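Asker: Assemble the whole structure, with the sequences as input and the hints as a guide.
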Amino acid sequence: NAGVTQTPKFQVLKTGQSMTLQCAQDMNHEYMSWYRQDPGMGLRLIHYSVGAGITDQGEVPNGYNVSRSTTEDFPLRLLSAAPSQTSVYFCASSYTETGKNIQYFGAGTRLSVL
Amino acid sequence: AQSVTQLGSHVSVSEGALVLLRCNYSSSVPPYLFWYVQYPNQGLQLLLKYTSAATLVKGINGFEAEFKKSETSFHLTKPSAHMSDAAEYFCAVSDQNDYKLSFGAGTTVTVRA
Chain S
1020 NAGVTQTPKF
1030 QVLKTGQSMT
1040 LQCAQDMNHE
1050 YMSWYRQDPG
1060 MGLRLIHYSV
1070 GAGITDQGEV
1080 PNGYNVSRST
1090 TEDFPLRLLS
1100 AAPSQTSVYF
1110 CASSYTETGK
1120 NIQYFGAGTR
1130 LSVL
Chain B
491 AQSVTQLGSH
501 VSVSEGALVL
511 LRCNYSSSVP
521 PYLFWYVQYP
531 NQGLQLLLKY
541 TSAATLVKGI
551 NGFEAEFKKS
561 ETSFHLTKPS
571 AHMSDAAEYF
581 CAVSDQNDYK
591 LSFGAGTTVT
601 VRA
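For the protein sequence lines, the chains are S and B, in the order given. Convert by adding 1019 to the 1-based position in the first sequence; the result is the number in my numbering. Convert by adding 490 to the 1-based position in the second sequence; the result is the number in my numbering.
It should be emphasised that the hints constitute simulated quantities derived from the structure, not laboratory data. Being a predicted model, the structure only gives us computed values, none of them experimental. Any given hint could be a false lead.
[Unchecked claim] Listed next, the in silico DMTMM-like pairs over lysine to aspartate or glutamate satisfying Cα-Cα at most 25 Å (straight line):
hint: 1; chain 1: B; residue 1: K539; chain 2: S; residue 2: E1049
hint: 2; chain 1: S; residue 1: K1028; chain 2: S; residue 2: E1049
hint: 3; chain 1: B; residue 1: K590; chain 2: S; residue 2: D1092
Answerer: Written out as structure tokens, the structure is:
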């Protein structure tokens, strides 16, 4: 069972470039989310989705777009990268049923914006 | 809105000593509480969770945590630290009827030989 798979593992961008971080899960989870991790700040929620065709903003959504066309995939798009988006990005998924909402995390994407 | 505060960004313990990581939460409704561990260059792994059943929760790798409503706390303990416990630990909270997590800032544990 692959779980939550994120690609790429590492990425370096120049300011103004765009890119898509990929996230896929094979557990048939309804809920998927993106977090960014910065030193001393824990994980902050960027965007989340409760099912195909449904997305919503989290705590820090500016500069990022998401879409959810299938249950399995939840890509995160950086429209015009800025140095402030240098971070480690984690994708997570879970069931939405109460008591089963344990989130499983991918291994992360380490992004540097120069 | 939910929030958690982890007291102490770094904890250093000797091998074999007690590990105690503190977490206090703020919630207007009964919460679900979680502890996650992150080893270097890896994702987060669930250690244990409180979902309104037993207040003393046992997790993996010998860790346990106790939910204390009167103190709004969910501290994580392990009686005897092992070198492999060196990692960053995150406390997180959600509403019982929600799936969005709010994370604390994290506590980095180092284990001295």
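Asker: If a hint holds in the structure, say so; if it doesn't, say that too.
Answerer: Comparing the hints with the structure gives:
With a C-alpha separation of about 20 Å, the suggested pairing of K539/B with E1049/S holds against the 25 Å cut-off. Taking the CA atoms of K1028/S and E1049/S, the gap is about 24 Å. The hint holds against a cut of 25 Å. Taking the CA atoms of K590/B and D1092/S, the gap is near 18 Å; set against the 25 Å cutoff, the hint holds.
The structure agrees with every numbered hint stated previously.
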